[in-house]
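2 protein chains.
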Amino acid sequence: MTPRVEFHYDFGSPNAYLCHRVLPALMARTGVDIHYVPILLGGVFKATNNRSPMEQFADVKNKPEYQAKETQRFLLKHGITELQRNPFFPVNTITLMRGAIYAQGKEWEADYIEAMFKAMWERGLNMADPEQIGTVLAEAQLPISEIVAAVADPEVKQGLIDSTANSVARGNFGSPSFFVDDELFFGKDKLRDIEEEILAGRTLS
Amino acid sequence: MTPRVEFHYDFGSPNAYLCHRVLPALMARTGVDIHYVPILLGGVFKATNNRSPMEQFADVKNKPEYQAKETQRFLLKHGITELQRNPFFPVNTITLMRGAIYAQGKEWEADYIEAMFKAMWERGLNMADPEQIGTVLAEAQLPISEIVAAVADPEVKQGLIDSTANSVARGNFGSPSFFVDDELFFGKDKLRDIEEEILAGRTLS
Numbered sequence: 507m508t509p510r511v512e513f514h515y516d517f518g519s520p521n522a523y524l525c526h527r528v529l530p531a532l533m534a535r536t537g538v539d540i541h542y543v544p545i546l547l548g549g550v551f552k553a554t555n556n557r558s559p560m561e562q563f564a565d566v567k568n569k570p571e572y573q574a575k576e577t578q579r580f581l582l583k584h585g586i587t588e589l590q591r592n593p594f595f596p597v598n599t600i601t602l603m604r605g606a607i608y609a610q611g612k613e614w615e616a617d618y619i620e621a622m623f624k625a626m627w628e629r630g631l632n633m634a635d636p637e638q639i640g641t642v643l644a645e646a647q648l649p650i651s652e653i654v655a656a657v658a659d660p661e662v663k664q665g666l667i668d669s670t671a672n673s674v675a676r677g678n679f680g681s682p683s684f685f686v687d688d689e690l691f692f693g694k695d696k697l698r699d700i701e702e703e704i705l706a707g708r709t710l711s
Numbered sequence: 507m508t509p510r511v512e513f514h515y516d517f518g519s520p521n522a523y524l525c526h527r528v529l530p531a532l533m534a535r536t537g538v539d540i541h542y543v544p545i546l547l548g549g550v551f552k553a554t555n556n557r558s559p560m561e562q563f564a565d566v567k568n569k570p571e572y573q574a575k576e577t578q579r580f581l582l583k584h585g586i587t588e589l590q591r592n593p594f595f596p597v598n599t600i601t602l603m604r605g606a607i608y609a610q611g612k613e614w615e616a617d618y619i620e621a622m623f624k625a626m627w628e629r630g631l632n633m634a635d636p637e638q639i640g641t642v643l644a645e646a647q648l649p650i651s652e653i654v655a656a657v658a659d660p661e662v663k664q665g666l667i668d669s670t671a672n673s674v675a676r677g678n679f680g681s682p683s684f685f686v687d688d689e690l691f692f693g694k695d696k697l698r699d700i701e702e703e704i705l706a707g708r709t710l711s
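Here the protein sequences come in this chain order: A and B. So the first sequence is residues 507 to 711, counted in the working numbering. So the second sequence is residues 507 to 711, counted in the working numbering.
Calculated from the structure, these hints are not laboratory results. Each hint should be verified, as a subset may be incorrect.
One copy or two, it doesn't matter: identical chains are merged, so the pair holds either way.
In silico DSS-like cross-links for lysine-lysine, where the CA-CA straight-line distance does not exceed 27 Å [to be verified]:
| id | residue 1 | residue 2 |
| --- | --- | --- |
| 1 | Lys694 | Lys624 |
| 2 | Lys663 | Lys567 |
| 3 | Lys575 | Lys696 |
| 4 | Lys694 | Lys567 |
| 5 | Lys624 | Lys612 |
| 6 | Lys552 | Lys567 |
| 7 | Lys583 | Lys612 |
| 8 | Lys575 | Lys694 |
| 9 | Lys663 | Lys624 |
| 10 | Lys583 | Lys696 |
| 11 | Lys696 | Lys567 |
| 12 | Lys612 | Lys663 |
Using the sequences and the accompanying hints, generate a full structural model.
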């Protein structure tokens, strides 16, 4: 039985971007689709009393340097060359994530996700700014007016609230997070374990 | 060139115990010795303004449950069956770690390390208690009076202070931590990366 694999993501997380870049290879190796589930990371943090690693470890000697080194190792290992610091970080991603909720199941969903991760973590754009969002949508030939209307729609707004609450109810406390069926895996360090879990599930079938 | 691999450990860390249990297999696979370097985790935390994950995440919803699950996964994966909660946790390990400094290079060093990890994380003993330490040393047929004298020796005490300060100076902020030459790897999640780093180093030689 092929497990259902979900990636709970927020465009605001650089580690979610890094996972996004390596998931295609993981899907190719396992033959399993990964479902992108938008969550608002700020909402997860609020609901779980959690904070970003950057905040948590800002005052811990050596740890920020170690985390920077871990990022470099990940880039090197996976041949990722386009990561750029975002000068506007932390960016309020609520509009982007509402757009991601609306994008779910649309034929342009993957294009939307790719354009937003790229804007945040390869182009360093201020994606809290509606004008900048519009420019990025136009460049990616996405349906701007439809998306602009959708992100103001109470149902879409509620959809993001529900998706975030559901993620927390299932045990999540941050991002990037993955569920392989009901098994939570947290962080980009867990990608190999996720792959093993998928393959183990398929072997059992 | 075979890299120098160091394991910076404190008996007080359950994750250091878990690493200790899997290092023999890693050494066998890589053919590389791992040098055990005693550090006082409390000293590292003080020097780096860090705290244990247990303290750090005590108030974060879902995270303690996730960490317990991660421990269970590690036990299952590596066939470790003897881990027990220590009812005296957190235990002040300063005497044990001074003993570990004195043990370095002695023919009974490995026996000392094994006896102490076992006492802490398989037998749940109060290893801050000098009488209990004496009993454990006797059971393991270690040179009690020599060790009891050594842990009060100012040179040994300074040795632990220096080892801890040196670890922090090299970039460490916790335990279990590993150095492959000068490359720091933190946490039991990194054992596979450590193995890859060792094998990559040997391939380059």
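Against the structure, the hints:
1. Taking CA atoms no more than 27 Å apart as the test, Lys694 paired with Lys624 passes inside one copy only; the shortest distance there is 18 Å, against 32 Å between copies.
2. Taking CA atoms no more than 27 Å apart as the test, Lys663 paired with Lys567 passes between copies only; the shortest distance there is 24 Å, against 40 Å inside one copy.
3. Within a single copy, Lys575 and Lys696 get their C-alpha atoms as close as 17 Å, and across copies as close as 13 Å, so both meet the 27 Å cut-off.
4. Both within a single protomer and between protomers do Lys694 and Lys567 lie at most 27 Å apart by alpha-carbon distance, with minima of 22 Å and 20 Å respectively.
5. Taking identical chains as interchangeable, the C-alpha atoms of Lys624 and Lys612 lie at most 27 Å apart only when both belong to the same chain, with a minimum of 19 Å there against 56 Å between chains.
6. In this homomeric assembly, Lys552 and Lys567 come within 27 Å of each other (Cα to Cα) both inside a single copy, at 26 Å, and across copies, at 10 Å.
7. In this assembly of identical chains, Lys583 and Lys612 lie within 27 Å of each other by CA distance neither inside one copy nor across copies; the values are 33 Å within and 39 Å between.
8. In this assembly of identical chains, the alpha carbons of Lys575 and Lys694 lie at most 27 Å apart whether taken from the same copy (14 Å) or from different copies (17 Å).
9. Taking the shortest alpha-carbon separations for Lys663 and Lys624, only the intra-copy value of 23 Å comes in at or below 27 Å, while the best inter-copy value is 53 Å.
10. In this assembly of identical chains, Lys583 and Lys696 lie within 27 Å of each other by CA distance both inside one copy and across copies; the values are 14 Å within and 14 Å between.
11. For the homomeric pair Lys696 and Lys567, the shortest alpha-carbon distances inside one copy (25 Å) and between copies (20 Å) are both at most 27 Å.
12. Taking the shortest alpha-carbon separations for Lys612 and Lys663, only the intra-copy value of 17 Å comes in at or below 27 Å, while the best inter-copy value is 66 Å.
Hint 7 from the earlier list is the only one contradicted by this structure; the remaining hints agree with it.
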